[in-house]
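A.B. asks: Start from the sequences and build out the full structure, keeping to the hints where you can.
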Amino acid sequence: MTSFYDTVVLDTWYTERIVGEVKVLAAVLTATEPWSITWSDGDLQGGIITSPDTRVVEPASDTTYLIAAVSDAYCRGTAAGSATVVVDGSCGDAFYTVAPCRIVDTRGPAGPYGGPALQGRQTRAFALGGECGVPTSAKAVALNVTVVGATARGYLTIYPDGESLPGVSTINFASGQTRANNGVSALGVDGAIAVYFAQASTATVQLVVDVTGYFE
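Residue numbering for the sequence shown is 811 to 1026, as defined by the working numbering.
By construction, these hints were calculated from the structure, which means they are not laboratory data.
Do not take every clue at face value.
[What the hints assert, rightly or not] Label-pair ranges, simulated between beta-carbon atoms:
id: 1; residue 1: Gly940; residue 2: Ala920; range: 19 to 27 Å
id: 2; residue 1: Cys911; residue 2: Arg886; range: 38 to 46 Å
id: 3; residue 1: Ser1011; residue 2: Val867; range: 33 to 41 Å
id: 4; residue 1: Ala878; residue 2: Pro922; range: 39 to 47 Å
id: 5; residue 1: Ser861; residue 2: Pro922; range: 28 to 36 Å
id: 6; residue 1: Leu854; residue 2: Gln929; range: 39 to 47 Å
id: 7; residue 1: Gln855; residue 2: Gly921; range: 40 to 48 Å
id: 8; residue 1: Leu975; residue 2: Ala883; range: 35 to 43 Å
Yeah, the Cβ is synthetic: ideal placement off N, Cα and C, and Gly gets one too.
C.D. replies: Now the structure itself:
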């Protein structure tokens, strides 16, 4: 029996791990459960029945995680993406929760936190410091990111404003799909995040961002 297996895509988030905390890797799986995944560091996960599959990591040094092999109930598949965790032993910032607050919604009227929708091959910055209970001195924020109404398949990359675009994705999605992901993103020196939409310049997607806490 043949399984029409697409790919397993490794979603990645904020790539800096403060000593004493963990990071969660998420692998989006398609086709027929159960799945098995072999990671590049030798870790094996079998009997997976839900997607995305998650894995908690706490590396002692900078580590890039890849999926070496994947299979579903019937056959082997292919994998794409990577997640790099950079360990920062110089900081020990405390985490503070805030009441969940919607800080960005591009479906609303035009403005710094509203419309228009994100445009393909463009980057848009959102200043989070000083909004929704996040102080301007915050170094990173805990976020829930939702994409709505994409006109084409693509992905978003969220990273500190003012820094170079990393070669990883924050959230992957299909055309018309509503999808959410959560994690932590560092802030730029201006207290902002940058959001890049990887798709053709004619494509658009709506972005919703809720903040739940911050590091300071």
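A.B. asks: Range first: 39 to 47 Å. Now tell me if the beta carbons of Ala878 and Pro922 are that far apart.
C.D. replies: About 43 Å separates the Cβ atoms of Ala878 and Pro922, which means 39 to 47 Å holds.
A.B. asks: Does 28 to 36 Å hold as the CB distance between Ser861 and Pro922, or does it fail?
C.D. replies: holds (35 Å)
A.B. asks: Take a look at whether the Cβ-Cβ distance between Gln855 and Gly921 falls inside 40 to 48 Å.
C.D. replies: holds (43 Å)
A.B. asks: Okay, Gly940 versus Ala920 on CB: inside 19 to 27 Å?
C.D. replies: For Ala920 against Gly940, whose Cβ atoms are near 20 Å apart, the range 19 to 27 Å holds.
A.B. asks: Quick one: are Cys911 and Arg886 within 38 to 46 Å, going by C-beta?
C.D. replies: Holds, at about 44 Å.
A.B. asks: Can you tell me whether the CB distance of Ser1011 to Val867 sits inside 33 to 41 Å?
C.D. replies: With a Cβ separation near 35 Å, Ser1011 and Val867 satisfy 33 to 41 Å, so the hint holds.
A.B. asks: Given a hint of 39 to 47 Å, does the C-beta separation of Leu854 and Gln929 actually sit inside it?
C.D. replies: holds (41 Å)
A.B. asks: Lying within 35 to 43 Å: is that true of the beta-carbon distance Leu975 to Ala883?
C.D. replies: holds (37 Å)
Figure legend: structure checked against the earlier numbered hints; every hint is met.
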